[in-house]
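Number of protein chains: 2
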Amino acid sequence: MVDIVTAAMVIIGDEILSGRTKDRNIGHLADIMTAIGIDLKEVRIVPDEEDEIVAAVNALRARYTYVFTTGGIGPTHDDITADSISKAFGVPCEYDAKAYAMMEANYASRGMEFTEARKRMARMPLGAEHIDNPVSMAPGFHIGNVYVMAGVPAIFQAMLDNVVPTLKTGTKLLSVSVECPFGEGTIGGPLAEIQKRHPDTIIGSYPKYLDGSFWTELVVRARSPEALEAARAEVAAMVAGIVEASAKPD
Amino acid sequence: MVDIVTAAMVIIGDEILSGRTKDRNIGHLADIMTAIGIDLKEVRIVPDEEDEIVAAVNALRARYTYVFTTGGIGPTHDDITADSISKAFGVPCEYDAKAYAMMEANYASRGMEFTEARKRMARMPLGAEHIDNPVSMAPGFHIGNVYVMAGVPAIFQAMLDNVVPTLKTGTKLLSVSVECPFGEGTIGGPLAEIQKRHPDTIIGSYPKYLDGSFWTELVVRARSPEALEAARAEVAAMVAGIVEASAKPD
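First to last, the sequence lines map onto chains F and L.
First residue of the first sequence? That's 1 in UniProt numbering, and the numbers climb one at a time after it.
First residue of the second sequence? That's 1 in UniProt numbering, and the numbers climb one at a time after it.
I should point out that these hints are in silico values taken from the structure, not numbers from a laboratory.
Where hints are given, some of them may not hold.
Since the list gives no way to pick out one identical chain from another, each pair is judged satisfied if it fits inside one copy or across any two copies.
[Stated by the list, open to error] Capping the alpha-carbon separation at 30 Å, the derived lysine-lysine pairs in DSSO-like fashion look like this:
#1 K208 with K22
#2 K119 with K208
#3 K196 with K119
#4 K87 with K196
#5 K208 with K87
#6 K196 with K22
#7 K98 with K208
#8 K208 with K172
Just need the whole structure built from these sequences, with the hints factored in.
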């Protein structure tokens with residue numbers, strides 16, 4: 001039986017929208033989701049503005065199995081994710097007793113002041129559960145189907161590693177690619193015919209442009225290994241046929 | 001007078017959502033928009049599904065000055081952007097006479113067949129205007145405030161170069177960054193005070209994690225050079241004060 005589990009991502013990040021920071025988290029989440037059998041269906045990058053965060057999270061958490069957010073959970077005034085997620089869920093944003101105690105003890109052991117700014121990182125929506133942060137201690141959290149994680153890639157990846165084993169996963173969307181030495185205009189017609197004959201697959205065509213010439217990566221995706229192989233074989237035979245025809249003298 | 005011009009981006013890309021292709025267009029568009037004085041306010045990555053594309057484009061074109069899309073304008077069956085944009089605008093998607101003639105002549109001159117697949121690339125919403133494609137000929141298009149471009153980075157960048165001179169631009173959001181050798185917990189309190197004193201600026205704090213230790217990039221943004229400098233000077237003085245204090249013997 002095919003079981004579909006879906007996800008969306010919300011990146012909270014003025015710095016990504018301004019270009020100052022280049023995103024490195026979308027590709028990582030996409031790779032992990034594909035590997036474990038969750039379909040990443042949408043990504044939104046929104047500014048550090050409460051209304052925008054609330055609107056994106058509420059739109060997506062209603063539609064998809066999981067929502068993953070990155071960014072805005074640090075100690076500074078521009079870190080408004082905890083407040084925004086609380087507002088999205090209609091619950092207060094409060095110091096979490098366990099996070100507060102853990103952070104207080106940790107800073108004390110390092111002889112560092114537990115500043116008001118650092119205390120901000122212990123705030124989360126009432127009812128949220130921690131996502132452990134092995135890199136820099138201050139936890140992420142999840143509430144309902146929303147998982148709130150750091151934007152710094154090393155911390156995001158470590159938090160996601162802690163989240164992944166807890167997620168329900170679905171039937172993996174398997175994929176296989178066939179390299180095609182021709183541009184899309186040559187294979188577009190026959191490829192569409194193959195797609196029609198294999199409605200239980202998704203056949204994608206991705207043009208690649210390198211040093212002035214085009215080649216095409218043809219990707220077949222399916223949840224059944226048999227369906228995948230049947231379509232792949234037709235795609236490969238179609239490409240081989242064109243290669244052979246183009247090598248023939250007129 | 002401050003003039004605000006905004007933009008959003010829609011990436012049409014199953015291959016980005018699956019992780020197979022890593023996006024390289026967001027950062028480029030963000031850099032260009034910032035450089036010319038347009039605020040990129042939102043990015044959405046949606047799958048190759050007509051309803052999703054229509055919904056995203058219609059939501060964003062109503063809110064922002066410009067919408068830029070990438071992906072899905074090639075000749076294969078999975079390239080459904082022209083149809084989707086036509087549907088979003090409620091107009092038919094037809095062969096564009098100028099694009100058709102140009103492509104027909106070009107393929108003829110190269111001794112190549114003008115296949116049904118290649119003809120697909122001459123389709124666009126009725127009333128759309130071309131965006132020239134100096135790389136691979138088949139044009140992008142714009143209709144209303146929506147600019148439809150290729151997903152292949154080299155072609156996207158070339159098309160965007162053709163679009164940029166035609167755009168209305170606003171007052172640039174200037175930015176300057178101050179490197180801070182401390183983590184955010186140390187400077188969070190005083191930084192929030194500086195933000196309060198400079199409401200005409202946006203002060204962001206971006207933690208950087210490198211080889212096991214944290215430093216912070218503090219970024220001040222403003223549309224007025226004077227406001228920018230006033231806030232920057234306070235941020236720099238605050239950081240210098242903490243450096244000095246931490247260097248003092250107890």
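Against the earlier hints, flag every one the structure doesn't satisfy and list their numbers going up.
none
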